[in-house]
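Peer 1: Protein sequence lines correspond, in order, to chains A and B. Mapped onto the working numbering, the consecutive letters of the first sequence carry residue numbers -4 to 507. Mapped onto the working numbering, the consecutive letters of the second sequence carry residue numbers 182 to 351.
Check before you lean on any hint, since a few could be wrong.
Derived contacts from chain B toward chain A, CB cut-off under 8 Å, selection only [stated by the list, open to error]:
| hint | residue |
| --- | --- |
| 1 | Q192 |
| 2 | R195 |
| 3 | P207 |
| 4 | T238 |
| 5 | L251 |
| 6 | K308 |
| 7 | V312 |
With a straight-line Cα cutoff of 20 Å, these simulated EDC-like cross-link-like pairs (lysine to aspartate or glutamate) come out [as the list claims (entries may be wrong)]:
| hint | chain 1 | residue 1 | chain 2 | residue 2 |
| --- | --- | --- | --- | --- |
| 8 | A | K309 | B | D235 |
| 9 | A | K117 | A | E83 |
| 10 | A | K391 | A | E424 |
| 11 | B | K194 | A | E320 |
| 12 | B | K194 | B | D333 |
| 13 | A | K201 | B | D246 |
| 14 | A | K201 | B | D235 |
| 15 | B | K194 | A | D324 |
Calculated from the structure, these hints are not laboratory results. Heads up, the beta-carbon is just placed ideally off N, CA and C, and yes, glycines get one too.
Chain by chain, the residues:
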Amino acid sequence: MKPRACLVSIEMAIALSSFHAGEAISLQSIPNLSIAEFRTAILSAVSSTCSLAALFGMPAENQNVRLIAVLPDSATSRLSIFAAEVAESYSCLTLECPQAHWFEREIAEQWQVLPEGHPWFKPIRFHAPYRPGHSWSLAPVPGVTDFFAMAGEEVHQVAVGPVHAGIIEPGHFRFQCHGEDVFHLEISLGYQHRGVERALVGGPGKRTIHLMETLCGDTSIGHSTAYCEAIEALGGNAVSARAQVMRGIALELERLANHTGDLGALAGDVAYLPTAAYCGRIRGEFLNMTAALSGSRFGRGLIRPGGVGFDLDKRLVTELQQRLEAALDDVEDAVALLWGSSSVQARFEHTGTISREICDALGLVGPVARACGVERDIRQDFPRGIFRFAQIPISKWDSGDVFARAWVRWLEIQRSGAFIREQLAALPEGPILSSSGPLLPNHLVVSFVEGWRGEICHVAITDAAGRFAHYKVVDPSFHNWMGLAIAMRGQQISDFPLCNKSFNLSYCGHDL
Amino acid sequence: MPSSILTRFRQGKRTLPFPAAEPVLPERFRGLPILNGARCPSGCTSCADACPTDAITRDGGLRIDLGRCLFCAECSNACPEGAIRFTPEYRLATSNRNDLLLTEGETLRLAGRLADETHRILGRSLKLRQVSAGGCNGCEADVNVLNTVVFDLGRFGIQFVASHAMRMDF
Chain A
-4 MKPRACLVSI EMAIALSSFH AGEAISLQSI PNLSIAEFRT AILSAVSSTC SLAALFGMPA
56 ENQNVRLIAV LPDSATSRLS IFAAEVAESY SCLTLECPQA HWFEREIAEQ WQVLPEGHPW
116 FKPIRFHAPY RPGHSWSLAP VPGVTDFFAM AGEEVHQVAV GPVHAGIIEP GHFRFQCHGE
176 DVFHLEISLG YQHRGVERAL VGGPGKRTIH LMETLCGDTS IGHSTAYCEA IEALGGNAVS
236 ARAQVMRGIA LELERLANHT GDLGALAGDV AYLPTAAYCG RIRGEFLNMT AALSGSRFGR
296 GLIRPGGVGF DLDKRLVTEL QQRLEAALDD VEDAVALLWG SSSVQARFEH TGTISREICD
356 ALGLVGPVAR ACGVERDIRQ DFPRGIFRFA QIPISKWDSG DVFARAWVRW LEIQRSGAFI
416 REQLAALPEG PILSSSGPLL PNHLVVSFVE GWRGEICHVA ITDAAGRFAH YKVVDPSFHN
476 WMGLAIAMRG QQISDFPLCN KSFNLSYCGH DL
Chain B
182 MPSSILTRFR QGKRTLPFPA AEPVLPERFR GLPILNGARC PSGCTSCADA CPTDAITRDG
242 GLRIDLGRCL FCAECSNACP EGAIRFTPEY RLATSNRNDL LLTEGETLRL AGRLADETHR
302 ILGRSLKLRQ VSAGGCNGCE ADVNVLNTVV FDLGRFGIQF VASHAMRMDF
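Model the full assembly from the supplied sequences, consistent with the hints where possible.
Peer 2: Structure representation (structure tokens):
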């Protein structure tokens, strides 16, 4: 990426940097700004209708670090991309743009670039730095760090994890409490860090698709779709209508399974066992439909560059239609109990409330944001594949509490069910897989997928040989963990499991 | 309350009849592979080359390490001769790591019943502890499924338990 001839103004830079998601962009066409211009461009974009989907570093010449920001504008369905080079430090964005908080900590940890003035400067994954010759390590031992602390005689801390009581992933939670009341929760992650992004550099290779399918095991379809759309943009291959429909069906089955499981888990956390038991079973019905398609309950092997790995025949379509109707009837029946039970509603309502202002400031995504009244959904705002033709209405509610997060999931279950029903009835004929050409060298592509947790963003950047010079993954959990921490403020500590389930964030998707 | 009773009837009994009846698996399910090295053309390494986790070796006979295998079937898709074929056999548990090395012509050494003394001590009360570190949460998701009404692992006297005093169920 060479610096562009001098830009007349930031406005011009913004105007020049308007791209589409899923479009291969020559690295030369990305505005390379000074760090001051870069900051101004980001702050100006987020003050209008843009959000910060990704902000990351990658190696540049002379041991410098190139920062890249991806800012989708849901109002125009376009995105701005800016780059700037930094050496050792820059003036942090977080104070003016809290959405940058986690990203700036990640950049500092990976590339040892200091965001000066960052209000809570700590590692997020606790690993050794990536930039050669730079060793001011933040803290390489997971969890060994200072935690935000309150002082006072009657104040106490509660430390939970990293190893939890259930069959779940590790993460550390530090509560600042006064009696039962939580004043603050700090979440310390990184225990599931595998170094996936680093392993992708130099690819794609024979492992790449499998790494994508296991970035976050419960979102195999979401992440592998984002990856394949990036590869297809860079390789210039067309995906058949049939394959696009099958990808859409798989993505919505993934949403159905997880949302159903979440509603069951929420019921379990308020000790309403009927719905917990039924939904635990019905979740499996949706997973088994994915297994009927691909042999794997998580859909591994299904999404492949150029299309899908398995086809559907008439008999399987009929079988899926029957199973879908049965499962949708069962989930409606099971979930209706929640809304009709005053004891459940009393626990869901006004618990873990997030205001619209906080939601916007933190840049929360997915059902969590839509439960705060945000009308944003990648399937509507940046549609790819079948979602360009078959639109799923956005489901939202505006109370921002556990109830809203549960209700939005229920609305989405109904709409995903209707979508699959419609698509199975009108499956286009055609091939399912096309072959992929070599990737364009020195290009960048951003792909967005509305996974069941929210916005999945992948940024693939190729080198002169058409291999990955860098591959950035932003799981929706990366945006939303801070939301969970804020939702706990002013709550009883005993409400934590309920609040946590209402977010149901990924540890591995965050830790990568 | 009446609606919850009606729902209870409608949802029915859903626990699988296993082990009295075999589970019904999807046709595309990929279980235990069968190896037939006699079909391998000399010098062919297509399967090993295709394997994303280097689970397959060809020297000294066709061998697959099920401890590394993803069951992705890249190998059987790459093989022109059908020397590797995935079957619907779902019994894959072994008692030690080396038993996961499957060589052509051998049958998988499945985990056997407990030694009499261990069985006498534990009886039908097996408590397991699962700790995850550096995975994708796929195993956790499917282990949790074992506690749903469908599988109801507890009826076999097997339970997953917490290791320490913190019982807040996250």
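Peer 1: Each of the hints needs a verdict: does it hold here or not?
Peer 2: Tested hints:
Taking 8 Å as the C-beta contact cut-off toward chain A, the hint placing Q192 of chain B at the interface holds, the least distance being around 5 Å. Hint status for R195 of chain B: holds, given a least beta-carbon distance of 5 Å to chain A, under 8 Å. Of the supplied interface hints, the one on P207 of chain B holds, with its beta-carbon coming within about 4 Å of a beta-carbon of chain A, less than 8 Å. Taking 8 Å as the C-beta cut-off, the interface hint given for T238 of chain B is violated, the closest approach to chain A being about 16 Å.
Checking L251 of chain B against chain A: minimum C-beta separation of about 6 Å stays under 8 Å; hint holds. For the restraint placing K308 of chain B at the interface with chain A, the shortest Cβ-Cβ distance is roughly 13 Å, beyond the 8 Å limit, so the hint is violated. Nearest Cβ of chain A to the Cβ of V312 of chain B: about 6 Å, under the 8 Å cut. The hint holds. At roughly 37 Å between alpha-carbon atoms, K309 of chain A and D235 of chain B are farther apart than 20 Å, so this suggested pair is violated.
With a C-alpha separation of about 16 Å, the suggested pairing of K117 of chain A with E83 of chain A holds against the 20 Å cut-off. Using a Cα cut-off of 20 Å, the hinted pair K391 of chain A and E424 of chain A is violated, with the two alpha carbons roughly 34 Å apart. For the hint pairing K194 of chain B with E320 of chain A, the CA-to-CA distance comes to about 19 Å; that is within 20 Å, so the pair holds. For the proposed pair K194 of chain B and D333 of chain B, the alpha carbon gap of about 12 Å is at most 20 Å, so the pair holds.
Between K201 of chain A and D246 of chain B the alpha-carbon distance is near 18 Å, which keeps this suggested pair within the 20 Å criterion. Only pairs whose Cα atoms come within 20 Å are accepted, and K201 of chain A paired with D235 of chain B is accepted, the gap being roughly 10 Å. In summary, the hint linking K194 of chain B to D324 of chain A is supported, as the alpha carbons are separated by about 16 Å, within the 20 Å threshold.
Checked against the numbered hints given earlier, the structure breaks hints 4, 6, 8, 10 and satisfies all the rest.
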